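Protein chains in written order, with our numbering: chain A, 77 to 227; chain B, 10 to 370.
Calculated directly from the structure, the hints in this document are not laboratory data.
All values reported here derive from a predicted model rather than from experimental measurement.
Glycine included, each C-beta is placed from N, C-alpha and C at the ideal position.
Incorrect hints may have been included.
Said to hold, decoys possible - Here are the simulated DSS-like pairs of lysine-lysine, each with C-alpha atoms no more than 30 Å apart in a straight line:
{"no.": "1", "chain 1": "B", "residue 1": "176", "chain 2": "B", "residue 2": "287"}
{"no.": "2", "chain 1": "B", "residue 1": "346", "chain 2": "A", "residue 2": "149"}
{"no.": "3", "chain 1": "A", "residue 1": "189", "chain 2": "B", "residue 2": "53"}
{"no.": "4", "chain 1": "A", "residue 1": "156", "chain 2": "B", "residue 2": "34"}
{"no.": "5", "chain 1": "A", "residue 1": "189", "chain 2": "A", "residue 2": "149"}
{"no.": "6", "chain 1": "A", "residue 1": "149", "chain 2": "B", "residue 2": "247"}
{"no.": "7", "chain 1": "A", "residue 1": "156", "chain 2": "B", "residue 2": "176"}
{"no.": "8", "chain 1": "A", "residue 1": "84", "chain 2": "A", "residue 2": "220"}
{"no.": "9", "chain 1": "B", "residue 1": "209", "chain 2": "A", "residue 2": "161"}
{"no.": "10", "chain 1": "B", "residue 1": "209", "chain 2": "B", "residue 2": "179"}
{"no.": "11", "chain 1": "A", "residue 1": "220", "chain 2": "A", "residue 2": "161"}
{"no.": "12", "chain 1": "B", "residue 1": "287", "chain 2": "B", "residue 2": "53"}
{"no.": "13", "chain 1": "B", "residue 1": "247", "chain 2": "B", "residue 2": "179"}
{"no.": "14", "chain 1": "B", "residue 1": "247", "chain 2": "B", "residue 2": "53"}
{"no.": "15", "chain 1": "B", "residue 1": "34", "chain 2": "A", "residue 2": "149"}
{"no.": "16", "chain 1": "B", "residue 1": "209", "chain 2": "A", "residue 2": "151"}
{"no.": "17", "chain 1": "B", "residue 1": "247", "chain 2": "A", "residue 2": "151"}
{"no.": "18", "chain 1": "A", "residue 1": "220", "chain 2": "A", "residue 2": "149"}
{"no.": "19", "chain 1": "B", "residue 1": "209", "chain 2": "B", "residue 2": "34"}
{"no.": "20", "chain 1": "A", "residue 1": "156", "chain 2": "A", "residue 2": "84"}
To be verified - Covered stretches of chain A (chain B as the covering partner; in silico rule of three or more C-beta atoms under 8 Å from a C-beta of chain B):
{"no.": "21", "region": "91-101"}
{"no.": "22", "region": "109-116"}
{"no.": "23", "region": "127-138"}
{"no.": "24", "region": "191-200"}
{"no.": "25", "region": "211-222"}
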Amino acid sequence: MTALQDVKNAVRSRSIHVCYVNVGSCNGCDIEILACLAPRYDIEQYGIYVHNNPREADILLVTGGFSPQWEDKLKEVWDKIPEPKAAIAIGNCPISGCVFNREGTYLDPPVRKHIPIAAEVPGCPPRPTEILEAVLSLAPVVFKDYEERGE
Amino acid sequence: MKKTVDVSLPIGPVHPVFKEPCRIKCETSGEYVINAELELGYVKKGIERIMVGRPWQEVMFLAERVCGICSVIHNYVCIEGMERINGVAVPDRAAYLRLVVNELDRIQSHLLANYSYCYTIEHETLAMYLLNLRETAMDALEYITGARVTCSYIIPGGVRFDLSPEKEQKLRTMIDHIDSELTRFVRMFEGGSLIALRSKDVGTFSREEAIESHAVGPTARASNLDNDCRLFHPTYQKLGFESVLLDEGDNYARIMLRFLEVFQSTQLIRSALDSMEKGTIRGGGEIGGGFAEWAGEAPRGELTYTIDTDEHGRVKKIGIRTPSIMNIEACVHYMIKGVHSSADVTSTYISSDPCIACNER
C-alpha cells in the first residue's frame, strides 16, 4: 500500500459523480433519484454529484426494464464511462421487469444481461434514502485500491 | 434553393438536463434554430398490450405505472372510466378525498416541472427551494395514502383509507406551509433579472398556434386557451372551479401559470376539506361488460381512457391518450422554431413539461 494509493482512496470515497439513464422506466425511479438532490436528503454533502454526463461519471444508475431501442445505446453509454466504474440498478424494473414483465411486453429484463451490474436496489420505486445508501455503500468497495488490484 | 442550414444539432437521448430519453434534432443557422424534429421510442413498454385480458385488479396497477410523476391521475381516470361502465356510485366523502389526493399530486408535479426549468436556466437556488418544498407535498401524499409515488389510493366505489381528524389537521398545516413558502419563491421568480432575461419572450406560442397544434393543459392555458377538463368534472363543479389563464404564451408565462395553479390547488384542497362530511368512503359495485370513455385533467393536460370490457370485467380493448404527445409536438414545431440560441432549446423544451414515459407507455 503506497501513500499515493491512500490519497486516491480517500479522495474517491468523497467524490462520486453519478450519471443516470432511463432505459424504459415509468419515471417513478427517476424522480426519486432527483429527490435525492433536495436539501432534505442533500446528496452533495456526501460528495455525490449528479451530472448526468457519462464522460465524467463514476457510477451509472440504471432505471427501467430495457426497451429494445437501447440494445446498442446502453453499451455505448457504459463504454464512455472512464474506469473505475460501477452500475447500480434502481427499482424492480431492471432487476425483474416488475409489472411489465408479462405477455405482450416490449421489454427485455434483466439489465444485467447487457451491462455488468454491481448492486441492485429493489422497490417500486425505492425511497431516496435507499438510493443514497446504495451509492454510499458501494462506492468505497468498488473504488478501493483500484490501481493496486491491477485491473 | 440556397442551403441555409449550417449545423444539424442533435440533443439527447442522454443529456444533462433531460430527465427522460428523447432526441431533438435541430437545424440551425449559427445558433438560430430554423427547424426542429423529435425522435421518440426510447421507453416503449407496451402497457396497453399487457393490459388486454386482465381484470381491473391488475389494470389499475398497470395504469398507475404509465407515469411515475402523475400516477394518481392515471389511477383516477382509469377507475372513474370503469365505474361509468356499470354506474358504480361513489360516496360523497370518497369523491372529495379523491380530489384532495389528485390536487396534492398536481402540486408535486407542478413544483417538479418548475424545479426542472429553474435548474435548466441555472438558477440553482430557486430550483433547490422548489425541490425541497415538493418534499412537503410528497409527505402529505404519503401521509394520506401510504406511498410516495405509486399510491393506488382510488379503487372502484371509493378510496382505500379514510382521513381522520388528526390527519386532516396535519394536512391543513402542510398546505399552509406550501402556500406561505411558495409566495416567497414566486416573488423570487418574478423579481429575478436573470430569470426574466432567459424566460420572457423566449419560446412564444400564440393562441392560434395552440389551437392549430391541439396543445392542452398549462401549455395551452398560458396562451389563453381554456381547455381544463376539471371544468366538466362533477366534484370540481361542486367547488366552483374556474381555470387560471394567462396570455403571454412564453416560457415565463408557462412557469408562472404552474405557480398560480399550485395556489389554486391548495385552495381547492382547503374547500374540499371544509365541505367534506363524515360518512362511508367505500360503496359497493361490480364492474361488468361495456364500453366507457372518460377524461380527466392531468398536471400536463387532458388525459383520456377508452375502456372496453367483457362480461367478467376483463379488459378487451383499452386506449390511453396522454397530454404530453400534443404538448411535445407543439413545443418542437412551434416554440423551439425561432429561438435565438441553442441554450434556449432545452429550457423551452423543459418549460412545456414533457413526460416521455406517459407518451410512449
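Status of each hint after checking the structure:
no.: 1; hint: B/176 to B/287; in the structure: 14 Å, holds
no.: 2; hint: B/346 to A/149; in the structure: 28 Å, holds
no.: 3; hint: A/189 to B/53; in the structure: 19 Å, holds
no.: 4; hint: A/156 to B/34; in the structure: 22 Å, holds
no.: 5; hint: A/189 to A/149; in the structure: 14 Å, holds
no.: 6; hint: A/149 to B/247; in the structure: 51 Å, violated
no.: 7; hint: A/156 to B/176; in the structure: 49 Å, violated
no.: 8; hint: A/84 to A/220; in the structure: 8 Å, holds
no.: 9; hint: B/209 to A/161; in the structure: 42 Å, violated
no.: 10; hint: B/209 to B/179; in the structure: 38 Å, violated
no.: 11; hint: A/220 to A/161; in the structure: 11 Å, holds
no.: 12; hint: B/287 to B/53; in the structure: 44 Å, violated
no.: 13; hint: B/247 to B/179; in the structure: 24 Å, holds
no.: 14; hint: B/247 to B/53; in the structure: 39 Å, violated
no.: 15; hint: B/34 to A/149; in the structure: 17 Å, holds
no.: 16; hint: B/209 to A/151; in the structure: 40 Å, violated
no.: 17; hint: B/247 to A/151; in the structure: 54 Å, violated
no.: 18; hint: A/220 to A/149; in the structure: 29 Å, holds
no.: 19; hint: B/209 to B/34; in the structure: 24 Å, holds
no.: 20; hint: A/156 to A/84; in the structure: 22 Å, holds
no.: 21; hint: 91-101; in the structure: holds (count 6)
no.: 22; hint: 109-116; in the structure: holds (count 6)
no.: 23; hint: 127-138; in the structure: holds (count 4)
no.: 24; hint: 191-200; in the structure: violated (count 1)
no.: 25; hint: 211-222; in the structure: violated (count 0)
The structure fails to meet hints 6, 7, 9, 10, 12, 14, 16, 17, 24 and 25 from the earlier list, while all remaining hints are met.
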